[in-house]
Amino acid sequence: MSDDSQIQGVSFWNFGVHATGCLFGTEGAVYFTLADGSVARVADPSCASADRFGLHGGGILCQAPAPSGGLFTGGDDGRLVQLAPSGESVELAALPGQWIEHLAVSPASAAMAMASGKNVFFFPGPDASGIDLGALPSSVGGLAFSPDGGLLAAAHYGGVTLWDFSAGQTSLARIDLRGLSLTPVFDPSGQYLAVANQEKCVSLIDLARNHVLELPGYARKPASLCWSAGGDTLLTSGNAGFTAWDIDREGGQSPLQTQFAQQEETFLTQVSAHPLFPVAIGGFSEGSVFIAELAAKAAVYVFNLEAHKVSALAWSADGMHACGGSASGVCFLALLPALLGA
Amino acid sequence: MRIPVTVLTGYLGAGKTTLLNRILTENHGRRFAVVVNEFGEIGVDNDLVVGADEEIFEMNNGCVCCTVRGDLMRILGNLAKRKGAFDGILVETTGLADPAPVIQTFYMDEDTFDACALDSVVTVVDAAHIETQLARGHEAVEQLVFADLIILNKSDLLSASELARVQFRINTVNPYARLVVAERCNVGLDIVLDRKSFDLTRLLSLEPELLTGDAAHVHDDGIADVSLVSDHPVDAGRFKAWLGELLKTKGQDILRAKGILDIQDSDRRFVFQGVHMLSEFSTGLPWREGEKRQSKAVFIGRGLDKEAITAGFAACTGGR
Chain A
1 MSDDSQIQGV SFWNFGVHAT GCLFGTEGAV YFTLADGSVA RVADPSCASA
51 DRFGLHGGGI LCQAPAPSGG LFTGGDDGRL VQLAPSGESV ELAALPGQWI
101 EHLAVSPASA AMAMASGKNV FFFPGPDASG IDLGALPSSV GGLAFSPDGG
151 LLAAAHYGGV TLWDFSAGQT SLARIDLRGL SLTPVFDPSG QYLAVANQEK
201 CVSLIDLARN HVLELPGYAR KPASLCWSAG GDTLLTSGNA GFTAWDIDRE
251 GGQSPLQTQF AQQEETFLTQ VSAHPLFPVA IGGFSEGSVF IAELAAKAAV
301 YVFNLEAHKV SALAWSADGM HACGGSASGV CFLALLPALL GA
Chain B
1001 MRIPVTVLTG YLGAGKTTLL NRILTENHGR RFAVVVNEFG EIGVDNDLVV
1051 GADEEIFEMN NGCVCCTVRG DLMRILGNLA KRKGAFDGIL VETTGLADPA
1101 PVIQTFYMDE DTFDACALDS VVTVVDAAHI ETQLARGHEA VEQLVFADLI
1151 ILNKSDLLSA SELARVQFRI NTVNPYARLV VAERCNVGLD IVLDRKSFDL
1201 TRLLSLEPEL LTGDAAHVHD DGIADVSLVS DHPVDAGRFK AWLGELLKTK
1251 GQDILRAKGI LDIQDSDRRF VFQGVHMLSE FSTGLPWREG EKRQSKAVFI
1301 GRGLDKEAIT AGFAACTGGR
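Those sequence lines, one after another, are chains A and B.
So that you can map any letter, position 46 of the first sequence is 46 in the working numbering, and since no number is skipped, the others follow by simple counting.
In the working numbering, each number is its position in the second sequence, counted from 1, plus 1000.
Treat the hints with caution; some may be incorrect.
Claimed, not checked - Partner residues are not named here, just some residues of chain A that face chain B (Cβ under 7 Å, in silico):
#: 1; residue: Leu61
#: 2; residue: Ser138
#: 3; residue: Arg178
#: 4; residue: Glu199
#: 5; residue: Gln259
Since the hints were made in silico from the structure, they are not lab data.
All C-beta atoms in this analysis are idealised placements derived from N, C-alpha and C, irrespective of residue type, glycine included.
With these hints in hand, go ahead and build the complete structure from the sequences.
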């Protein structure tokens, strides 16, 4: 990291293997999930020491914060595991010979969902066992709960399947989209669902008006999507810099694309919006991490993760910390002032 | 470094799993991740065996030949995160699989391309049954056309003359692949692995294995290969435009295309390959001093218009 390792308010670790994800537990700890099946935990963000837990026989493919603290992890050993803040781990499900590739947790309802191949399993509560929601037309490309936890979206080839749990019983709807859909993300109001498409576009679904807009203008698959805190801007990867779509929530005008902070010979791989302010953090394929000011549509360089592709980014719920990881296992935890002061 | 991926294909019962088990059990000091369709058949305890579902997706461009393996994109993408845990990836396809979607996955999904390099397509053939299989359906034909290495297995079941006939028959379908005769897939793994057959920058020559002379061979299965040679330098811009249009309009019928071109005022080879509508160009190895510079291209497909292709290619050489 050269000089970057000395930035005040930023801690770095090198865990030596691909960081497949990172998140903040509800108890405040920071978790980095790794491709060797282990989780690195920074229990106290004010102190730089990390401990490591071997949870899976293979790589960790997905993760989500557990409502009671700690996290859930799914792996290519076919196991769903919960790591508690105490450090104890328990196996919640096992699908031998399969991969558990996607997890979603609703902070509002404490429900959880996981996907393995074409099948989606729904866990209504913390201690409930999984309900098999059946097989979709193709393997699942991503899962998301709506902000109130009433809807579960699963992206797949040919569109998105939505389960509605709010009426007491489960109903199902299918939104047809062309090609392979990935990474569904609800906006904070729950009105919009953004879905990445394998073929260099994003589908924006207005659930209230039952209307789908295709958002083109990508050099690559926009695999990372997020909504700004107020839901006014959809941010994505897939270009040489940040790609922002300003959504006209009142007037119904078509979303406007702005690309900013474009870099040469690299592309944005990860983007994560601040939970409270119009700020986002973005990571590039050559390891650079930028902080973006959404009102100005501008971003500044913060540091570089030893030239390795940024593979994960996340904010804490209070927005005071951001964490991230890279394809080589170089990971960071940063205080918001350290990022903004860059 | 991208992770090398070897695709093993072949009709039902040809011996793919025998070859796979040989690669996994032989003492070569290398570890592989294996993508299979049937778990039960792998004879070794390997924690990197992944079950696949052969999910073939059409791309949004509406072309029926632009298909990819959705499951492979996911699997290879996730395996790439475990870089260092293995040295290569072996992908076994089902007996009736068309290899084109597998190959196209590497060129249509940038994440797969960034992480993994298609090393070769190895087709295992049952010497005793290949003629019947070629007559029965297009799958066996496609598996031969897309191969860069063909292992003519179970050769011990045939007499010498029968074997020669089968070899000739295979060569008429794909004269450009390397053909190796085997019993119980007893081929050296140095032949199977590290072929770098899809690495254009290494392409030196484009010679048929056995057949020479005739510029086009048409067979009863409708497959023909058109081979083109020119001693005149090719205009790169004109060639790219011509090939682009040819693949756009006839890509459904053109299964494979490959070529090494002598470009005017360039000391390096200009190389290309195509699978259906997809094409890739690159600057290849330099011409050696005193080496005869020639442009060669080959197209294998169904219902190819030899005259039109020949004329189109000639126009790229200034019509000479």
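Are arginine 178 (chain A) and chain B close enough, Cβ to Cβ, to be under 7 Å, as the hint says? Holds - the Cβ of arginine 178 (chain A) comes within 7 Å of chain B, reaching about 5 Å at its closest.
Does leucine 61 (chain A) pass the interface check with chain B, least Cβ-Cβ distance below 7 Å? holds, 6 Å
Cut-off 7 Å, beta-carbon criterion: hint that glutamine 259 (chain A) touches chain B: violated, 18 Å
Quick check on serine 138 (chain A) please, does its C-beta sit within 7 Å of some C-beta on chain B? holds, 5 Å
Glutamate 199 (chain A) was flagged as interface toward chain B. Is the shortest Cβ-Cβ separation under 7 Å? holds, 5 Å
The structure shown violates just one earlier hint, number 5.
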